[in-house]
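For chain A, the structure is supplied; the task is to place chain B on it using the hints.
There are 2 protein chains.
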Amino acid sequence: MSAAVSPLAPKKYPSMPVVEGVRIATAEARVKYKGRTDLLTMVFEEGTTVAGVFTRSKCPSAPVEFCRENLAGGIARILVVNSGNANAFTGKKGRATTVAVGEAAAKAVGAGKDTVFMASTGVIGEPLPAERITGFLKEMAVDAKPEGWLAAAKAIMTTDTYPKVATATVRMGEVDVIINGIAKGAGMIAPDMATMLSFVATDAPIAAPVLQELLSKGTGKTFNAVTVDSDTSTSDTLMMFATGAAARRGAPTITDAKDPKLAGFRRALNRILKTLALQVVRDGEGARKQLEITVTGAKSSRSAKKIALSIANSPLVKTAVAGEDANWGRVVMAVGKAGEPAERDLLAIWFGDIRVAHEGERDPDYSEEATSAYMKRDEIALRVDLGIGRGKATVWTCDLTKEYVAINGDYRS
Amino acid sequence: MSAAVSPLAPKKYPSMPVVEGVRIATAEARVKYKGRTDLLTMVFEEGTTVAGVFTRSKCPSAPVEFCRENLAGGIARILVVNSGNANAFTGKKGRATTVAVGEAAAKAVGAGKDTVFMASTGVIGEPLPAERITGFLKEMAVDAKPEGWLAAAKAIMTTDTYPKVATATVRMGEVDVIINGIAKGAGMIAPDMATMLSFVATDAPIAAPVLQELLSKGTGKTFNAVTVDSDTSTSDTLMMFATGAAARRGAPTITDAKDPKLAGFRRALNRILKTLALQVVRDGEGARKQLEITVTGAKSSRSAKKIALSIANSPLVKTAVAGEDANWGRVVMAVGKAGEPAERDLLAIWFGDIRVAHEGERDPDYSEEATSAYMKRDEIALRVDLGIGRGKATVWTCDLTKEYVAINGDYRS
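Going down the list, the sequences are from chains A and B.
For the first sequence, the residue numbers in the UniProt record's numbering are 1 to 413.
For the second sequence, the residue numbers in the UniProt record's numbering are 1 to 413.
You can trust all of the hints, since none of them are fake.
Identical copies go unnamed one by one, so any copy, or any two together, can satisfy a pair.
25 Å max Cα-Cα, derived SDA-like pairs, lysine to any residue:
| hint | residue 1 | residue 2 |
| --- | --- | --- |
| 1 | K92 | K299 |
| 2 | K113 | Q212 |
| 3 | K34 | A144 |
| 4 | K299 | I354 |
| 5 | K58 | K392 |
| 6 | K306 | N224 |
| 7 | K107 | A96 |
| 8 | K402 | S372 |
| 9 | K92 | A72 |
| 10 | K11 | V170 |
| 11 | K113 | P127 |
| 12 | K58 | G339 |
What the hints contain is simulated information worked out from the structure, not anything from laboratory work.
Pulled out of the complex, with its shape left as it was, chain A reads as follows:
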């Protein structure tokens, strides 16, 4: 849809190392797009464990329901992702497609059907014929190579203006293990458009329940702390795979989430999740600025996050940021509408280091000029202190521009 790359795109990409036990293949399946890859498979070696976090939508897509069922087994051998069609709100046909793709994928790697995971992103409500995908799987499974992480990130893009990747190398026991991740955004849902998908893989040997706990906890301050337009996709999917191949090099197998050997890994994983989540925000439809919102002094951290998201999702705050206007009155409004404990006359608000309001009024020392200069930046930090407790939270969003309306208000042709 929008041809120009986001002004907030990364200036350079990391070189993505191989994750031992993962092989990658992409294809031009022409599910909808032409002249680009739109199908990704990742083949995992035997014994790979899996964890997943999915949309909270009450109307999830067929692939989300498929993955939720298979997650119970804790084992993954193949992941199949297509872009161009979300297979969401496609009724019985949608379920039939996931079953057919599941069978073909299982056959392609010679594994059980319950070791297949899949995701679809793109148009909603259009039937997705399974044969568009199934015919490719056998060949892709054979051809899959350890390299190709950037190509994988490209194959799953929809309205994204750039591919999203992240990597970390971290010490576990006496050896280095790798964590690689890819993601795509960019609004939350739409025909021809976006949902949030992210896939992370590591060669560390980590039991499925531990992997699930790492991923679930890591999501709170990363993928669940970003918002583009408050709309929640029917298909949001974050999955993590641990091949355990590093065990052959001497990495210890982790079966307890409290294992102190996980400390560095956990930090690295959370950093990767945050990097990917921020890349999604920075490629939000029409985004020109990243907005980091920190709420401190709330009654609880839960309360702080609810208030931070109320600010992040306020169209009036987001349009003000687009207009480079340090409009703290709208921030007060968004605090007030969150419904969480707040004392108007204890509120303080900062843009960057500039305190614009405190104790229920405009800060007398607040310089309109300095603030205007600050608001011209690409990355805006907004802080609100409620002054009533110790709860705090940070969330990220982007501004709301005319381009957002243009991208989403175009005819569905």
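Leaving out everything else, chain B in the frame of chain A:
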């Protein structure tokens, strides 16, 4: 800000009759605007009862707190409303202003301070010097005339592109009584901009507790069922005044909300509240289309309303309507994110009379052409049937256009 009148403005205005016991005056107080009226007083005869419904914001404006306190007395003698400055987030200075205006207004009509009500709309966070207002009140109280309802509606406008009035004449006992109302919108909050204010008056003799019950109940399906951008003002105020003057012509005094003599009055009042609420939506910032959203078959009416508001507040649904796109996939998304009970495969969705989806998939008989023609209308009706219960609700909103972003993304200069 935006010079052009909304394309959804009323084609003609009703002739507003006098409400016996109410006198009106407006003035150019230059609180912020120049060359237009920005101050309104309504003087009520002795014995006038009052009811009010206010913003749920946890950070309400000083005038909202002032009114809430005085509401306990149940008696009103004067209402003072200014536009241009909201006296919100103005700390101790803001409270001092309400006290000073309250004293001057009480003195102007020779009544107790607890019979004064006030509202302010406009810039947030700017001190509102009381003397901008107090100096006018004595003269306005003397000069106030029974006529001038349209002038009153004009004096309280901010970014509204047209004044909002409604009137009804209704039988109570053996005589006719009058209900008049005015309102202003148009976004939910902003410097130089909008909050929702509405004032309704009647000459019917109705005790304060009954008036409060009528107003509170009437709000649910009217003012509390409209949304422009999901943002809640610090200042939203709806007040109703009953002078009781019609008692002199033989109207019965109503002291019980269950009194059958109230039936016609209640219906007329609800109609007026709905008319005013819809005028606010139709003047939403940048609005070009009115969107009516009805949810049926929900688990409860509360659940239906929550889902309807989730649809109404979805930027993706609102931009689709702006783009004249019957994008039911985004409607499914908005149903799913509401968090209320829903069964994806029981959902049915209509635009106007055209069923576009049912039983979890696209309706096979759905004509893209007919739907496209329908979407070109000014007024779009969207219906979602959940198929799981008997709860239903209707809400109203407007589309989200580039003009909304332009109006709210401009520099605050």
